[in-house]
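Trainee: Residues per chain are reported as follows:
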Amino acid sequence: ASTLVIAEHDNSALNAITRSAVTAASKLGGDVDLLVAGNNCDKVVEEAAKISGVKRVLKASAPHLERRLAEELEALILHAQNSNKYTHIMGASSACTKSVLPRVAAKLDVNQISEVIAIESEDTFVRPIYAGNALATVKSSDAVKVMTTRATSFDKAEMNGSASVEEISSAAVGASEWKSEELSKSDRPELTAANVIVAGGRGLKSSENFQMLYKFADKLGAAVGASRAAVDAGYMPNDAQIGQTGKVVAPDLYFAIGISGFTGAIQHLAGMKDSKTIVAINKDPDAPIFQVSDIGLVDDLFNVVPTMTEEIKK
Amino acid sequence: MRALVGVKRVIDYAVKVRVKGDGSGVETAGVKMSMNPFCEIAVEEAVRLKEKGILKEIIAVSIGPAQAQETIRTALAMGADRGMHVKHDDILQPLAVAKLLKAVAEKEKPDMILLGKQAIDDDCNQTGQMLASLMGWPQATFASKVDVEGSNLTVVREIDGGLETIGMKLPAVITTDLRLNEPRYATLPNIMKAKKKKIDATDPAELGVDVSSKLQTVKVVEPPTRQAGGVVGSVQELMAKLKEKSLI
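Protein sequences appear in the order of chains A and B.
For the first sequence, the working numbering gives the first residue as 1, with consecutive numbering after it.
For the second sequence, the working numbering gives the first residue as 315, with consecutive numbering after it.
Some hints could be false.
As the list claims (entries may be wrong) - Going by beta-carbon spacing under 7 Å, a handful of chain B positions derived as facing chain A: (1) 479; (2) 480; (3) 484; (4) 505; (5) 525; (6) 534; (7) 543; (8) 545; (9) 555.
Claimed, not checked - With a cut-off of at most 30 Å between alpha-carbon atoms, the simulated DSS-like pairs for lysine-lysine come out as follows: (10) 219(A) x 483(B); (11) 559(B) x 247(A); (12) 273(A) x 139(A); (13) 139(A) x 334(B); (14) 334(B) x 185(A); (15) 283(A) x 334(B); (16) 247(A) x 511(B); (17) 179(A) x 559(B).
Since the hints were made in silico from the structure, they are not lab data.
We treat Cβ as the ideally placed atom computed from N, Cα and C, and that holds for glycine.
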């Protein structure tokens, strides 16, 4: 195999999900190239070259690549494919790779394989369907395998490599124009990168009550998430949503607080069931969440959370 | 302007799917089927654009067996003007679906194509992007706000960590995310009216599209289930357990 991995970054720092994609690519055997497309992204390239298992970093730095628009990236990836004839083109699943890789696959007249969670061989992969309620093993006989991998399913590659750097470029397409962005600012860790997550559900009863979770989370250096029910009720913004239609997370420790699992259980579980240890806190002993938790506590969260916050202080 | 809207018939989102004993797929016999929720959002957005006077005509397309007509009827009851049924009985990959939609689009010449970002059965999230690429059109995926002014399209998109606004010229492909709108329920009078709306039928052969696929499903299995752990009696006990495991 020879594989091209698309790096995820914001022009100033490499997103760690890139390292999980490199681990997945390494399982295919053969050389791994990493494409860093952006603008003024030298720091990212420097970091990318240190990822163990990467042979070459392809650096494409240009104003039209700054926002990583799908049409621009498509042209660049097809150009790299033309020159290097990769057998696999892939990236960790993200808004960016999900937008561009199907375009690349269509132009190559091959299928795309989404959200791969296990690589069985060069042509056989496992992916969740029906929000993770079933796992499909698929085999591709396409000339090029284009796929996205789920970041939480592969460990992050080490950072003791020394890849060579090669510059590539492609002409601007200009099909769409970036206008603005509005990113949620926070000092807290990002949900998909956090080791500990404190998630709240409809049991929190209001957006104000989530402050209690933030206090607790800050003691643990944890990220705060929410079930879809809590998001739909307006307690938390959409980007805090954990579940199949939100973020898929797999931290070492996951607190499910006031998430009963009676409604939308399938949806929420799909987003967090790979967490190493799940703690469930709910006042209803029959809440389905206790069927998947490692440690359960049947109690009123409004008593439990402040007490836990106090306990950690000691 | 006119819009093409893709609608897919899937197992209803509230149904707990069961994997077939022989590992060939999931059980669909006797299971409640509905329009894919993201497709409903796409239909709703098209109907709103029509209500604003931006769209003149909405064509709902579905690819699937005979029952896919029910899904088209639902779109017609929500406000689409006519339907197009591409008859095909087997499961198709997004690449084949994109090729079929392209063939339909070349006949209908829409100014925009609206699709759900993802179908909740195969969870692929590919068709809109593939279609845009094959058409040579720009795309606005994961839309949470759509504005059309003349031939200018401005879309707010849901990206990792927030929102992004992009602009492009029509024609374009838009794929819809959850926050875009709340789909309406079809009213009884509209359901009655929808019965009189026209649904044309075609198939892959007539459209000249090869739908064979080089991606085969080897097997489908249940995911491993988590074992339920114990329940502790107090916060103190919980904290002690977490400390014991060096988790806090």
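Trainee: It remains to establish, for every hint, whether it holds in the given structure.
Mentor: Here is how each hint holds up against the structure:
The interface hint given for residue 479(B) is met, as the beta carbon of that residue sits about 4 Å from the closest beta carbon of chain A, less than 7 Å. A hinted interface residue such as residue 480(B) counts as satisfied when its beta carbon comes closer than 7 Å to some beta carbon of chain A; here the least separation is about 5 Å, so the hint holds. The closest approach between the C-beta of residue 484(B) and any C-beta of chain A is roughly 11 Å, which is over the 7 Å cut-off, so the hint fails. Nearest Cβ of chain A to the Cβ of residue 505(B): about 27 Å, over the 7 Å cut. The hint is violated.
Here the hint on residue 525(B) is broken, as its CB sits about 12 Å from the closest CB of chain A, past 7 Å. Interface restraint check for residue 534(B): the shortest CB-CB distance to chain A comes to about 5 Å, inside 7 Å, so the restraint holds. With 7 Å as the threshold, the beta carbon of residue 543(B) comes within range of chain A, its nearest partner Cβ sitting at about 4 Å, so the hint holds. Among the interface hints, the one on residue 545(B) holds; its C-beta lies about 4 Å from the nearest C-beta in chain A, closer than the 7 Å criterion.
Checking residue 555(B) against chain A: minimum C-beta separation of about 6 Å stays under 7 Å; hint holds. Annotation: proposed proximity of residue 219(A) to residue 483(B) is violated, straight-line Cα distance about 49 Å (limit 30 Å). Between residue 559(B) and residue 247(A) the CA atoms are separated by roughly 26 Å; this keeps the pair inside 30 Å, and the hint holds. Our distance criterion of 30 Å between C-alpha atoms is met by residue 273(A) and residue 139(A), whose separation comes to about 26 Å.
Between residue 139(A) and residue 334(B), the direct Cα distance comes to roughly 19 Å. Compliance with the 30 Å bound is thereby established for this hinted pair. Proposed proximity of residue 334(B) and residue 185(A) is contradicted: the alpha carbons are some 45 Å apart, above 30 Å. Simply put, residue 283(A) and residue 334(B) have alpha-carbon atoms about 36 Å apart, too far for the 30 Å limit, and the pair is violated. Between residue 247(A) and residue 511(B) the alpha-carbon distance is near 40 Å, which puts this suggested pair outside the 30 Å criterion.
Straight-line distance between C-alpha atoms of residue 179(A) and residue 559(B) comes to about 48 Å, which puts the hinted pair past the 30 Å bound.
Of the numbered hints given earlier, the model fails hints 3, 4, 5, 10, 14, 15, 16, 17; all others are met.
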